[in-house]
Amino acid sequence: ILNVEQSPQSLHVQEGDSTNFTCSFPSSNFYALHWYRWETAKSPEALFVMTLNGDEKKKGRISATLNTKEGYSYLYIKGSQPEDSATYLCAFTDSWGKLQFGAGTQVVVTP
Amino acid sequence: DVKVTQSSRYLVKRTGEKVFLECVQDMDHENMFWYRQDPGLGLRLIYFSYDVKMKEKGDIPEGYSVSREKKERFSLILESASTNQTSMYLCASSSPGGWGYTFGSGTRLTVV
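Protein sequences appear in the order of chains A and B. Letter by letter, the first sequence follows residues 9 to 119 of the numbering used here. Letter by letter, the second sequence follows residues 2 to 113 of the numbering used here.
Keep in mind the hints are simulated off the structure, nothing from the lab. Everything numeric in this text was worked out from a predicted model, so none of it was measured. Wrong hints could be hidden among the right ones.
[To be verified] If you anchor each label on the Cβ, the simulated ranges turn out as follows:
| id | chain 1 | residue 1 | chain 2 | residue 2 | range |
| --- | --- | --- | --- | --- | --- |
| 1 | B | M89 | A | Q89 | 23 to 31 Å |
| 2 | B | V113 | A | T59 | 40 to 48 Å |
| 3 | B | V13 | A | Q17 | 21 to 29 Å |
| 4 | A | K77 | B | T16 | 31 to 39 Å |
| 5 | A | L60 | B | T16 | 48 to 56 Å |
| 6 | A | K67 | B | T84 | 37 to 45 Å |
Glycine residues also receive a C-beta, built at the ideal position from the N, C-alpha and C atoms.
Please take these sequences and the hints and turn them into a complete structure.
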């Protein structure tokens, strides 16, 4: 059973469209929430680390929000491009300092 | 450029073989981790280590062991490979109190 749930499992987006997806996690004993991007044949790459309720982070066309009280985070991609195609993983830091990962959302951007 | 290096990108092994997956990091990180990734299951922690010669079981240690004789190297050992160990294996490292991990590029292991 995953403590971290991501939805949807996969989505297809037309180039230029914007999209978003969700990560939900236990709201108790929260330390930090992480987003990674994992492209095929590459290492997962850290996108954001968020610690405070209401945090918003932005990196280019990708942004994320955090709600620790209700236990969810959204990742947004604005104006999707083919290079955004990847699996997006979220993880939260547990009380032992280890990361607990979700199953990921696979994003496919078609030209 | 700092990195975590996994020795093989693809491996094919036979059932019953002893398999070694090697991971080396050059960031002087204390913490190292082995995960496997399977469709729909996310990254599941197999073993981790907070120091040389130290190891802790993760969520799915059965059928695996690890070795950490040097700080920079963390090996995952499949004592007798089975087909249900066919998976993508990821190594990662972090510093104590550091936020997040640095990952290797993964080893896709197929056991036939």
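So, going through the hints one by one against the coordinates:
1. B/M89 and A/Q89 have their C-beta atoms about 26 Å apart, which keeps the hinted 23 to 31 Å range intact.
2. A C-beta distance of roughly 45 Å is found between B/V113 and A/T59, which places it inside the suggested range of 40 to 48 Å.
3. Between B/V13 and A/Q17 the beta carbons are some 28 Å apart, a value that agrees with the proposed interval 21 to 29 Å.
4. Distance hint check for A/K77 and B/T16: the Cβ-Cβ separation is about 49 Å, which falls outside the suggested range of 31 to 39 Å.
5. Taking 48 to 56 Å as the suggested C-beta distance range, the pair A/L60 and B/T16 conforms, at roughly 49 Å.
6. Range check, A/K67 to B/T84: about 40 Å between beta-carbon atoms, so the 37 to 45 Å window is met.
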